[in-house]
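Residue numbering for the sequence shown follows my numbering, starting at 1 and increasing by one per position.
These are computed hints drawn from the structure, not numbers from a lab. Keep in mind that the hints are not guaranteed to be accurate.
[Claimed, not checked] Listed below are the simulated DSS-like cross-link pairs for lysine-lysine, each with C-alpha atoms no more than 25 Å apart in a straight line: (1) LYS60 <-> LYS8; (2) LYS19 <-> LYS4; (3) LYS60 <-> LYS7; (4) LYS68 <-> LYS7; (5) LYS8 <-> LYS68; (6) LYS4 <-> LYS43; (7) LYS8 <-> LYS43; (8) LYS64 <-> LYS7; (9) LYS43 <-> LYS64; (10) LYS64 <-> LYS8; (11) LYS61 <-> LYS4; (12) LYS19 <-> LYS64; (13) LYS40 <-> LYS7; (14) LYS19 <-> LYS61; (15) LYS19 <-> LYS43.
[To be verified] Simulated restraints, written as ranges between beta carbons of each label pair: (16) LEU56 <-> ASP29: 20 to 28 Å; (17) ASN17 <-> MET66: 13 to 21 Å; (18) GLU67 <-> ASP45: 29 to 37 Å.
Being a predicted model, the structure only gives us computed values, none of them experimental. Quick reminder that beta carbons are idealized off the backbone N, C-alpha and C, glycines included.
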Amino acid sequence: MDPKAQKKIDEIMYETNEKISAIVNEIRDIRFSKMDENKKQTKCDNLREEFERVMLEEEKKVEKVMEKYQ
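My request is simple: use the sequences and hints to build the entire structure.
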């Protein structure tokens, strides 16, 4: 793999890790909170959707890098 492509993909991975870690930490905080169970479920469902959205966005970024350096 091209070194420039590797560097770009590494940057995307670090960015993704930060975003995903924030979502996971928020879910963990909600799960251990004293919030109403229905409210917990709703908030966690929204965060799971956000997680999925972030992963799809980051996947597209990697695909663009791969296309650019092929």
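Verification of the supplied hints:
The hinted pair formed by LYS60 and LYS8 meets the criterion: a straight-line CA distance of about 13 Å does not exceed 25 Å. The straight-line distance between the Cα atoms of LYS19 and LYS4 is roughly 23 Å, inside the 25 Å bound, and the hint therefore holds. In summary, the hint linking LYS60 to LYS7 is supported, as the alpha carbons are separated by about 16 Å, within the 25 Å threshold. Taken as a hint, the LYS68 and LYS7 pair is honoured in the structure, with Cα atoms around 13 Å apart against an allowance of 25 Å.
For the suggested pair LYS8 and LYS68, the alpha carbons sit about 11 Å apart, so the restraint of at most 25 Å is met. A threshold of 25 Å between alpha carbons decides the hint, and for LYS4 with LYS43 the separation of about 39 Å lies outside it, so the pair is violated. Distance restraint check for LYS8 and LYS43: the Cα-Cα separation of roughly 33 Å exceeds the 25 Å cut-off, and the hinted pair is therefore not satisfied. Simply put, LYS64 and LYS7 have alpha-carbon atoms about 14 Å apart, close enough for the 25 Å limit, and the pair holds.
At most 25 Å may separate the alpha-carbon atoms for a hinted pair to count; LYS43 and LYS64 exceed this at roughly 32 Å. The suggested pairing of LYS64 with LYS8 holds, with an alpha-carbon distance near 10 Å, which does not exceed 25 Å. Restraint check for LYS61 and LYS4: the C-alpha separation of about 14 Å stays at or below 25 Å, so the hint holds. Between LYS19 and LYS64, the direct Cα distance comes to roughly 20 Å. Compliance with the 25 Å bound is thereby established for this hinted pair.
The hinted pair formed by LYS40 and LYS7 fails the criterion: a straight-line CA distance of about 38 Å is larger than 25 Å. With a C-alpha separation of about 14 Å, the suggested pairing of LYS19 with LYS61 holds against the 25 Å cut-off. Among the hinted pairs, LYS19 with LYS43 is consistent with the structure: their alpha-carbon atoms are about 17 Å apart, no more than 25 Å. Checked against the given bound of 20 to 28 Å, the beta carbons of LEU56 and ASP29, roughly 24 Å apart, stay inside it.
Roughly 19 Å separates the CB atoms of ASN17 and MET66, a value that falls within the hinted 13 to 21 Å. The hinted window of 29 to 37 Å between GLU67 and ASP45 holds, with their beta carbons roughly 33 Å apart.
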